[in-house]
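Visitor: What follows is each chain in one-letter form.
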Amino acid sequence: MNMQTREVNGTVVVELQGEVDLGHSPRLRKLLMELMLERRDVLVDMSRVAYIDSSGIASLVEAYQMSRKNANRLTLVAVSSPAMRVLQLARLDKVFAIADSVDAALGG
Amino acid sequence: MRAVARIVDALDRLGRYVSRGVSEFGFAAALVGESLFWLVMGRARRQPVRLSAIFAQAMDIGIAAVPIITMLAATIGMMLAIQGIYTLRTFGAESRVTLGIALSTVREFSPLITGILVAGRSGSALAARLGTMRINQEIDSLTVMGISPVRFLVVPALVAMVVMLPLLTLWADLVALVAAGLYVSAELQTSLAAYVDEVITLLKLNDLLHGLAKSCIFAVLVTVVGVINGASVTGGAEGVGRMTTRSVVHAISAIVITDMVFAFMVTR
Amino acid sequence: MTSPAIEVRNLVTHYGSRQILRNVSLDVNEGEILVIMGGSGSGKTTLLNHLLGLLTPTSGTVRVLGKDINAIDPLELQELRTRIGVAFQGGALFSSMTVGENIALPLREHTKLDVTTIGIVTRLKLEVVSLAGFEDLMPSELSGGMIKRAALARAIVMDPRLLFCDEPSAGLDPVVAASIDDLILRLRDAMGMSIVVVTHDLESAFKIADRICMLDKGEVLALDTVDAIRTSPNERIQNLLNRRTEEAEIDPDAYLKRLLGEKKKDRI
Numbered sequence: 001m002n003m004q005t006r007e008v009n010g011t012v013v014v015e016l017q018g019e020v021d022l023g024h025s026p027r028l029r030k031l032l033m034e035l036m037l038e039r040r041d042v043l044v045d046m047s048r049v050a051y052i053d054s055s056g057i058a059s060l061v062e063a064y065q066m067s068r069k070n071a072n073r074l075t076l077v078a079v080s081s082p083a084m085r086v087l088q089l090a091r092l093d094k095v096f097a098i099a100d101s102v103d104a105a106l107g108g
Numbered sequence: 001m002r003a004v005a006r007i008v009d010a011l012d013r014l015g016r017y018v019s020r021g022v023s024e025f026g027f028a029a030a031l032v033g034e035s036l037f038w039l040v041m042g043r044a045r046r047q048p049v050r051l052s053a054i055f056a057q058a059m060d061i062g063i064a065a066v067p068i069i070t071m072l073a074a075t076i077g078m079m080l081a082i083q084g085i086y087t088l089r090t091f092g093a094e095s096r097v098t099l100g101i102a103l104s105t106v107r108e109f110s111p112l113i114t115g116i117l118v119a120g121r122s123g124s125a126l127a128a129r130l131g132t133m134r135i136n137q138e139i140d141s142l143t144v145m146g147i148s149p150v151r152f153l154v155v156p157a158l159v160a161m162v163v164m165l166p167l168l169t170l171w172a173d174l175v176a177l178v179a180a181g182l183y184v185s186a187e188l189q190t191s192l193a194a195y196v197d198e199v200i201t202l203l204k205l206n207d208l209l210h211g212l213a214k215s216c217i218f219a220v221l222v223t224v225v226g227v228i229n230g231a232s233v234t235g236g237a238e239g240v241g242r243m244t245t246r247s248v249v250h251a252i253s254a255i256v257i258t259d260m261v262f263a264f265m266v267t268r
Numbered sequence: 001m002t003s004p005a006i007e008v009r010n011l012v013t014h015y016g017s018r019q020i021l022r023n024v025s026l027d028v029n030e031g032e033i034l035v036i037m038g039g040s041g042s043g044k045t046t047l048l049n050h051l052l053g054l055l056t057p058t059s060g061t062v063r064v065l066g067k068d069i070n071a072i073d074p075l076e077l078q079e080l081r082t083r084i085g086v087a088f089q090g091g092a093l094f095s096s097m098t099v100g101e102n103i104a105l106p107l108r109e110h111t112k113l114d115v116t117t118i119g120i121v122t123r124l125k126l127e128v129v130s131l132a133g134f135e136d137l138m139p140s141e142l143s144g145g146m147i148k149r150a151a152l153a154r155a156i157v158m159d160p161r162l163l164f165c166d167e168p169s170a171g172l173d174p175v176v177a178a179s180i181d182d183l184i185l186r187l188r189d190a191m192g193m194s195i196v197v198v199t200h201d202l203e204s205a206f207k208i209a210d211r212i213c214m215l216d217k218g219e220v221l222a223l224d225t226v227d228a229i230r231t232s233p234n235e236r237i238q239n240l241l242n243r244r245t246e247e248a249e250i251d252p253d254a255y256l257k258r259l260l261g262e263k264k265k266d267r268i
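Protein chains in written order, with the numbering used here: chain C, 1 to 108; chain E, 1 to 268; chain S, 1 to 268.
None of these hints come from the bench; they were simulated from the model. A few of these clues could be false.
Stretch-level coverage of chain S by chain E, calculated; a stretch enters the list once three of its residues show a Cβ under 8 Å from a Cβ in chain E [stated by the list, open to error]: (1) 36–43; (2) 80–88.
Partial chain E-side listing against chain S, Cβ under 7 Å, derived [what the hints assert, rightly or not]: (3) S23; (4) D60; (5) E138; (6) V144; (7) G146; (8) I147.
Backbone N, C-alpha and C fix where the C-beta goes; we use that ideal spot for every residue, glycine too.
With the rest of the complex left out, here is chain C:
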């Protein structure tokens, strides 16, 4: 898994790439939790996620819950179809804030 962050107008964009599995999800969780503690608005670009397992989803869930508590923003962006199928399996596609593209998310 590759993880890159950049900042656009005060919003942190986390770009995930490759396989988010057991071995890598703790890193994702750590990053997201730090951002949430700093009360940052975060977009997670998932367009290049080839595979995400339950532990990766769990990290997103935990961070998302924290963002709601802090009244920050955590939006999943351009979710790739393998990742979307996993979200749909647990009906989480109806829970997360999901946007089609980074631009759309920033504009809206």
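With chain C's structure known, arrange chains E and S on it following the hints.
Guide: Just chains E and S now, with coordinates in the frame of chain C:
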């Protein structure tokens, strides 16, 4: 013809019995070996033996058994005092009763009664639990999850048993000696303090260790017999009952026989 | 298509001296649902146990996710098993743990994930199998269908590449059985896992299978797509499909011997 057939049949059964016995011994040795392997190598194999599991077993085997051990040990102590005084009175030597009580309690009765009690309580429970798990495919389930059943189920019980049985024995020593002392001091009109002093001078560390070493061996015996019987359960709930009973009988027999052998080898 | 998830070649197995599987060969492709069917005594349970590496074959090989399950070293096998999920017929949930602890066990034992993450994954899986909110119950408090679903949740908790289900709908009412079939289909579609289902339920097999493997008397009678099996001209297949019992050929000698109780002494 019929007689020959009957003899052949009997021999056949005897052979089976022996081969089953031998294979169980082999199983027991392998089990102890594998348990030690996981205990030492577990961490390297990414399957450490969990302290919490050992602790849970220790509570069950040890702490929960304290009340009944206390009661039995007190009773045995009293019984020894009564019989001892009765016997020695024939020689007019009842004041020497403390020696007999102290040695027989610490070297023999405490480890034996504790071992038998734990065999009945925890050895059988272990056999029943493993047996039930086996017929419910829970053991298979552990295996296919990549969790060694020996590491997960047997080692915690074995370690807990080896730690708790000597401790229970030590407690039984204490209780039995005090109970005997109470009877002796009342019957012979001496003070309990004098009795305690006498016990302390008479008992050597060696005697205590003799009893504790045996209780360690009993711990291994009870666990291994329980596990083997539990693991060989076939045929549903009835099978579990059968093997549980078998485990108690075997464990107690093993304890008594080992006790004798140990005493014979060490005492002479 | 990549290499098959399971590759069985010329598998021959015995139980004692009785041959159970006769030269079984089959493949399970990546992302495929293969249903193994057959009446009782057809050897389907034995085959499953061999695929899981619980039994050692007399001859032949079983390759699972590219690895020969009977030849790899223990650490590799342990690693392989973390990529395989198994839902046993009776659930095989550990009766001493809550439903949640049962499901979390593989994660706790095999990963270093944070407890919060483990908790979320566990509840996520319960959601997937529609058992949300049941994590604190003990297995004994669940109904048959719930146990099967909880077992399924535990089987998929590590997101396995390969899932085995033993009789997932046996003993359930038709509605619950259908919901489990749907669940299996959804799991394959969402996670792309290869799934092997062992069942004797025709309706369920036709609904979920990509291909069906028909076992009869320890042999692969047919291994083909659902349609091909359904329209097969083979009489034995049609008999099994239509639940006709087969008229066994009678060997008068053997029959009389059986009736008179003249057993062959071929026990080992």
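Visitor: None of the hints should be skipped; say for each whether it holds.
Guide: So, going through the hints one by one against the coordinates:
| no. | hint | result |
| --- | --- | --- |
| 1 | 36–43 | violated (count 0) |
| 2 | 80–88 | holds (count 6) |
| 3 | S23 | 12 Å, violated |
| 4 | D60 | 11 Å, violated |
| 5 | E138 | 5 Å, holds |
| 6 | V144 | 5 Å, holds |
| 7 | G146 | 3 Å, holds |
| 8 | I147 | 5 Å, holds |
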